[in-house]
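Chemist: Listed here are the chains, written in short residue letters.
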Amino acid sequence: MSALALRYDLRRDGLAPVSLAVPGGVTQRVRLPDAEARARLVGAVLSTRCAANEELELFGEPVRGLRAAGRGRLHDRIGVVTQAMGLISNLNAWENISLEAAYHGTQPVARIARTARDALESLGTEPSAFLARLPDEMDLFERKLVAFVRLLAKEPALALIDSLGEGLNREQAARAARFEAEYRARQPEGTLLFVDLAEEASQ
Amino acid sequence: MLRALREIEGGVRLSLNVAGRLPVLRKPPVLESFLRQVYFTGVTASTGVVLRASLLGVLIIAITMDVLDADADLAVKILLWVVLREVGPLAAAMVVILRTGTAMSAELAMMRISGQTDALRRMGIESYDYLVVPRVAGVMVATAALTAYIQFLAVAGGMILSPFVIQASFTELYTKFFDLVAPVDFAYSILKSMMFGFAIALTCCYHGLNPPALTQNGVPQAVTRAVTQSAVAVLTINALFAYLIFGVLFFGLVKAVV
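These protein sequence lines map, in sequence, to chains Y and H. The first sequence runs 0 to 202 under numbering that gives the first Met the number 0. The second sequence runs 0 to 257 under numbering that gives the first Met the number 0.
Keep in mind the hints are simulated off the structure, nothing from the lab. Take the hints with a grain of salt, since some may be wrong.
[What the hints assert, rightly or not] Partial chain H-side listing against chain Y, Cβ under 10 Å, derived:
1) Glu8
2) Ala118
3) Leu119
[To be verified] Label-pair restraints from in silico Cβ distances:
4) H:Gly19 to Y:Arg113: 33 to 39 Å
5) H:Ala241 to Y:Ala128: 35 to 41 Å
6) Y:Ala109 to H:Gly47: 47 to 53 Å
7) H:Gly123 to Y:Arg185: 20 to 26 Å
[Stated by the list, open to error] Per the computed footprint, the stretches of chain Y lying under chain H, defined by three or more beta-carbons under 8 Å from a beta-carbon of chain H, are:
8) 25-36
9) 88-98
10) 103-115
Positions of the beta carbon are idealized from the N, C-alpha and C atoms, including for glycine.
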């Protein structure tokens, strides 16, 4: 059995505890009981920090007490698509996609450009016009698409996608369902975690 | 009073942060943001100032000539002392405050209010590095370039158009101007305009990133504060430079070239 990519525990007074264990290299869908639990999990993974009533391990390493360098190293291996890490409104799609990876120097710009073009074409979007558009000119699905391609550009070992289907119509949800195959094609050894609320997932 | 002290402290901290973080300009997205700022502040502003700057020189000469009933010699001195040293940098600073300062403070306040600065932090990108450093450096460079451009247009405009309003030929004005002008005049105005750009960008970034309220109402309030305080900062710097250069320097050991 492969090592855990993510282990998370949340204890709450009067509310159901949350406990997750996600093995490395798999695709897993998690249904959390409420929005607070979802926000805490996503926040903890994004910041690679946890509060007193939380426990978070990433790739077998507890994040509590980690120094800045260790946190940065873990952060480079994680990609997240969530409302809390939205797009920058004065940057076009390409600039939004390349910003994080180019800033941290984790990937060369030419490689990010290739990844972005290939991924967009594969997901049925013509890249050249799309990459020049600003977030305000996009619908919700397109904004999620940019955030997902930004995640792919980072080539993360652990990808967390928060509430992918939320707010999408049937056709958009069908297109969004192809994200899993796209990630898997690029990161065969990677771990993909979809996070939803229990009531959303049941709808 | 307390707010004013807090703002001064914030401004000083921000200046030190910017100065210490300049190497971050090597990162491609930060460099891109710097170039975009130079383009917006310098290049796009330049077309709008051509006519105004050209008329500025002739207007100042014509009015002063009329009031003082002076000759070509005084006209050139006015062109040099007033237009080149004072009005050029001040006019560029006002253009930068009105165009760039307002846009910058509104943009940053919107980013702060809509949570985009938090999104940057979650990506591991420092707001100072990505939002402040390229804007401050870009506005400094662009203000200096815009100043040089306005000075050139105002002086050239003054020399070409003045013969129509005073008893002097273009050649006479041209020769007298180049007899009087010294490299220190250019160095003075360029250094001063870079300080103007630094103060404007820093003030606008500070108020943009610290709007008085984290609601839509905070945006116009942040812009108003940024613009008024930028103007005060520019006038203060101008007064300090005038004192340093036209007064005495280093307790009278060095006298400025006039």
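Chemist: So, for every hint listed, does it hold in this structure?
Modeler: Comparing the hints with the structure gives:
| no. | hint | in the structure |
| --- | --- | --- |
| 1 | Glu8 | violated (26 Å) |
| 2 | Ala118 | holds (5 Å) |
| 3 | Leu119 | holds (7 Å) |
| 4 | H:Gly19 to Y:Arg113: 33 to 39 Å | holds (35 Å) |
| 5 | H:Ala241 to Y:Ala128: 35 to 41 Å | violated (53 Å) |
| 6 | Y:Ala109 to H:Gly47: 47 to 53 Å | violated (37 Å) |
| 7 | H:Gly123 to Y:Arg185: 20 to 26 Å | holds (21 Å) |
| 8 | 25-36 | violated (count 0) |
| 9 | 88-98 | holds (count 5) |
| 10 | 103-115 | holds (count 3) |
When held up to the earlier numbered hints, the structure conflicts with 1, 5, 6, 8 and fits the remainder.
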